[in-house]
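Novice: Quick note, the sequences are listed as chains A and B, same order. Here the first sequence is numbered in the numbering used here, starting from 17 and rising by one per residue. Here the second sequence is numbered in the numbering used here, starting from 19 and rising by one per residue.
Since the hints were derived computationally from the structure, they do not count as laboratory data. Errors might be hidden in some of the hints.
Simulated pairs of lysine-lysine, DSS-like, Cα-Cα distance not exceeding 27 Å [what the hints assert, rightly or not]:
hint	chain 1	residue 1	chain 2	residue 2
1	A	Lys402	A	Lys623
2	A	Lys402	A	Lys195
3	A	Lys428	A	Lys489
4	A	Lys623	B	Lys84
5	B	Lys51	A	Lys35
6	B	Lys179	A	Lys239
7	A	Lys195	A	Lys35
8	A	Lys611	A	Lys623
9	A	Lys35	A	Lys402
10	A	Lys623	A	Lys239
11	A	Lys35	A	Lys239
12	B	Lys84	A	Lys35
13	B	Lys84	A	Lys428
14	A	Lys428	A	Lys186
15	B	Lys84	A	Lys611
16	B	Lys51	B	Lys84
17	B	Lys179	A	Lys428
18	B	Lys51	A	Lys402
19	B	Lys179	A	Lys195
20	A	Lys195	A	Lys489
21	A	Lys623	B	Lys179
22	B	Lys51	B	Lys179
23	A	Lys489	B	Lys51
24	B	Lys51	A	Lys186
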Amino acid sequence: MALLQIAEPGQSAAPHERKLAVGIDLGTTNSLAATVRSGEAQTLPDEQGRHLLPSVVHYGRESAPEVGGDALVRAAEDPYNTIISVKRLMGRGVEDVLSFGDELPYHFVPGDGGMPYIETAAGPRSPVQVSAEILRTLRQRAETSLDGELTGAVITVPAYFDDAQRQATKDAARLAGLKVLRLLNEPTAAAVAYGLDEGEEGVIAVYDLGGGTFDISVLRLNKGVFEVLATGGDSALGGDDLDYALARWMLEQSGIELTPDAQQARYLTTLARSVKEQLTDQTSVQVDLEVAGQSVSVTVSRDQFDAVVEPLVKKTLRACRRALRDAGVDTDEVRDVVMVGGSTRVPLVRTRVGELFGREPHIDIDPDRVVAIGAAIQADVLAGNKPDSDLLLLDVIPLSLGLETMGGLVEKVIHRNTAIPVGRAQEFTTYQDGQTAMAIHVVQGERELVSDCRSLARFVLRGIPPMAAGAAKIRVTFQVDADGLLSVAAQELSTGVESSIQVKPSYGLSDDEITSMLKDSFSHAEEDLVARALREQQVEAERLVSALEAAIAQDGELLENAERAELEHEMAYLRELARGADAAAIEAGVEALAKLSDSFAARRMDKGIQRALQGHRIDELDKESE
Amino acid sequence: MDMSRNYFELLGLEPGYDVDLALLSERYRALQKEWHPDRFAHRSDRERRMAVQYTAHLNEALATLKSPLRRAQYLLLLAGRDTHGESSGQLDPMFLMEQMELRERLAEVGDASDPDAELDALAEQAQASMRTLQHEFVSLYAQSDLDAAEAVVRKMQFMTKLISEIEAAEDRLADY
């Protein structure tokens, strides 16, 4: 039996019924889903008992796409139609993707807005669609094993992901039919997984060396609140780079004179990876290099391997020091060091990280699963299953956001490691007499030149009245939400002329594209879509009404009698509407009730200040209101 | 929420330059627990939007009161003096000399025999100057000598900029 009877939305779910929510780690190499059951977070296996889902999608000409292990076995025979490591393509433009070079065998075609589409037997596919296949597979796995429809999911992203990469991830979730409760940074998720009981306090460093990226985050934990103080890293440094370095060294040692082609390079890297993995437990490994018609035996000792990868490990340590400096924390203040990502199994990595922080890093949770587990814990809280939980995750923006100014320079509006959500405004002026329009170019990155930063979006503010150069005042406002997603608005102050956009990244999908892809993804498109829209509105109506009931029960004294009567009347009316089948009418009802309850909501939030500061300066005030 | 309430009132702190940073953090976390959008994950969209606005305001308050420069600027702003824009006032020549000397050293840091040590020395000197300026600000502000306090804030702006340039140089040296 399903735990949540969404089919009968008129009835509110009994309070003891748990909402089904999952945490999803959408990884470069593997992905997985986890959920909280009987108070414990567990990763979810497929029917064959496998927890990790290889992040691989195979597209056939006629059949439905295959995902995971089944797709992986196709990689060798059908490389062009088997998409691996799609995460590296998320939020990237055609130019970026081509610069990855020979490692990717795919044929790319530019889509609208410069997003690269991959030519497959099933037609062109965007990285967002490929990721959506992976997410859809995990959603189905979760719904089968939990026997019910999911309320929502927390999806993890590297802390160092920029706005375009985050937006692409969220779009993929939408395509997969998942409600995103939150995009959560992977290191933050790992910190949560380590429990670090709600009573504990102190500074935690999370060192996350994945297949393709490196992240370091410094957090302060205080009574259930995880406050990210700083984050840093390198989105192009990962375990793969250790493999490349070792592969080059082994080839050199073998004495084989060779500039490897793509296939030979893949062979050498795969061999190197296996040597690296064996060196975790062994002190020396012997391998046969069989390449270009020659066969040479090479021995690699742990010491030799360490010497080869030391420069890369050092690079990660520099990023750690910078993050500590940004956080305003000394190494000896760090109480716990958490290791995430398969590459942290390399002994040298553990040793060096241990030396830097002066303590043994935590390695007790499987580094491949720790992120999904942390995400599941937060998903459980966000779905409303633990109303008394103190767990709260406060994140920062990983890379500075700015605007292009004259001469191709960047004016930073929000600096990296600023706590989110954040809103900030900056004023600019015109530089020509009679200028009536201004181009706004939003960029992300730390460098001074626009050309060295990532271009996020461009738009034009028109209708500025003609004035002398420097007389117009244009205020540009940046707003970043809790997921780290940006929206930008521009306004000319003397006339009030306004223009704003939800930053749809330069390489993103438009809302129309997503809607049409969503339509395509339903087999009985029209019917399903209508049924789905109705169900969504019914759920939304129920959510609003029950939230209001709870609010009135808790803070009813903030309402005048007449207000309360009116609210309750509207609530009953909306419940009635929701029993019907008119999605548009329900939507309008939700909107009307939400509007009516606005000022009550605001009063409740203000009451929050008093609660928060209770026992301090305004406790007398608080007593009066009781 | 009354967005016009000043940051000190918002966080329940005595207005002034000497802020108890531990108490500031504690109040900040308490308010985040009430207002963070995640607390409204299963409420209406409007409430979530409101929560985003509230917490953005709160984050701005924290960032302002935590930063030695921005806290001073904010106190002056409350006293009716906006020091965010460009100013035409004169800075004292001694200070400018010191700035020029520090900046020259920073520009030539790559030529030093031990660039890391030279950067550390520069950073230390800049931090020491910043501490001196903070002390000066506290006493001028207490005496309500706002003209002089404003001049000190402008020096702090220079010094803060220099410190961030030193940090950028450290990043470059570390090959970012």
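Novice: Now tell me, hint by hint, if it's right for this structure.
Specialist: Evaluation of the provided hints:
At roughly 22 Å between alpha-carbon atoms, A:Lys402 and A:Lys623 fall within 27 Å of each other, so this suggested pair holds. A distance of roughly 19 Å separates the Cα atoms of A:Lys402 and A:Lys195; the hinted pair therefore holds under the 27 Å criterion. The suggested pairing of A:Lys428 with A:Lys489 holds, with an alpha-carbon distance near 18 Å, which does not exceed 27 Å. Pair hint A:Lys623 plus B:Lys84 holds up; C-alpha atoms about 25 Å apart against a cutoff of 27 Å.
With a C-alpha separation of about 22 Å, the suggested pair B:Lys51 and A:Lys35 falls inside the 27 Å cut-off, and the hint holds. Distance hint between B:Lys179 and A:Lys239 is unfulfilled; the C-alpha atoms sit about 35 Å from each other, more than 27 Å. Simply put, A:Lys195 and A:Lys35 have alpha-carbon atoms about 13 Å apart, close enough for the 27 Å limit, and the pair holds. For the suggested pair A:Lys611 and A:Lys623, the alpha carbons sit about 19 Å apart, so the restraint of at most 27 Å is met.
This hinted pair checks out: A:Lys35 and A:Lys402 have alpha carbons roughly 10 Å apart, not beyond 27 Å. Using a Cα cut-off of 27 Å, the hinted pair A:Lys623 and A:Lys239 holds, with the two alpha carbons roughly 22 Å apart. Only pairs whose Cα atoms come within 27 Å are accepted, and A:Lys35 paired with A:Lys239 is accepted, the gap being roughly 25 Å. Using a Cα cut-off of 27 Å, the hinted pair B:Lys84 and A:Lys35 is violated, with the two alpha carbons roughly 39 Å apart.
As the CA atoms of B:Lys84 and A:Lys428 are separated by approximately 20 Å, the hinted pair is consistent with the 27 Å bound. A distance of roughly 25 Å separates the Cα atoms of A:Lys428 and A:Lys186; the hinted pair therefore holds under the 27 Å criterion. Between B:Lys84 and A:Lys611, the direct Cα distance comes to roughly 36 Å. Violation of the 27 Å bound is thereby established for this hinted pair. The suggested pairing of B:Lys51 with B:Lys84 holds, with an alpha-carbon distance near 19 Å, which does not exceed 27 Å.
Simply put, B:Lys179 and A:Lys428 have alpha-carbon atoms about 13 Å apart, close enough for the 27 Å limit, and the pair holds. Taking the CA atoms of B:Lys51 and A:Lys402, the gap is near 14 Å; set against the 27 Å cutoff, the hint holds. The straight-line distance between the Cα atoms of B:Lys179 and A:Lys195 is roughly 43 Å, outside the 27 Å bound, and the hint therefore fails. Taking the CA atoms of A:Lys195 and A:Lys489, the gap is near 40 Å; set against the 27 Å cutoff, the hint is violated.
For the hint pairing A:Lys623 with B:Lys179, the CA-to-CA distance comes to about 40 Å; that exceeds 27 Å, so the pair is violated. The hinted pair formed by B:Lys51 and B:Lys179 fails the criterion: a straight-line CA distance of about 34 Å is larger than 27 Å. For the given pair, A:Lys489 sits about 37 Å from B:Lys51 by alpha-carbon distance, which is inconsistent with the 27 Å threshold. As the CA atoms of B:Lys51 and A:Lys186 are separated by approximately 25 Å, the hinted pair is consistent with the 27 Å bound.
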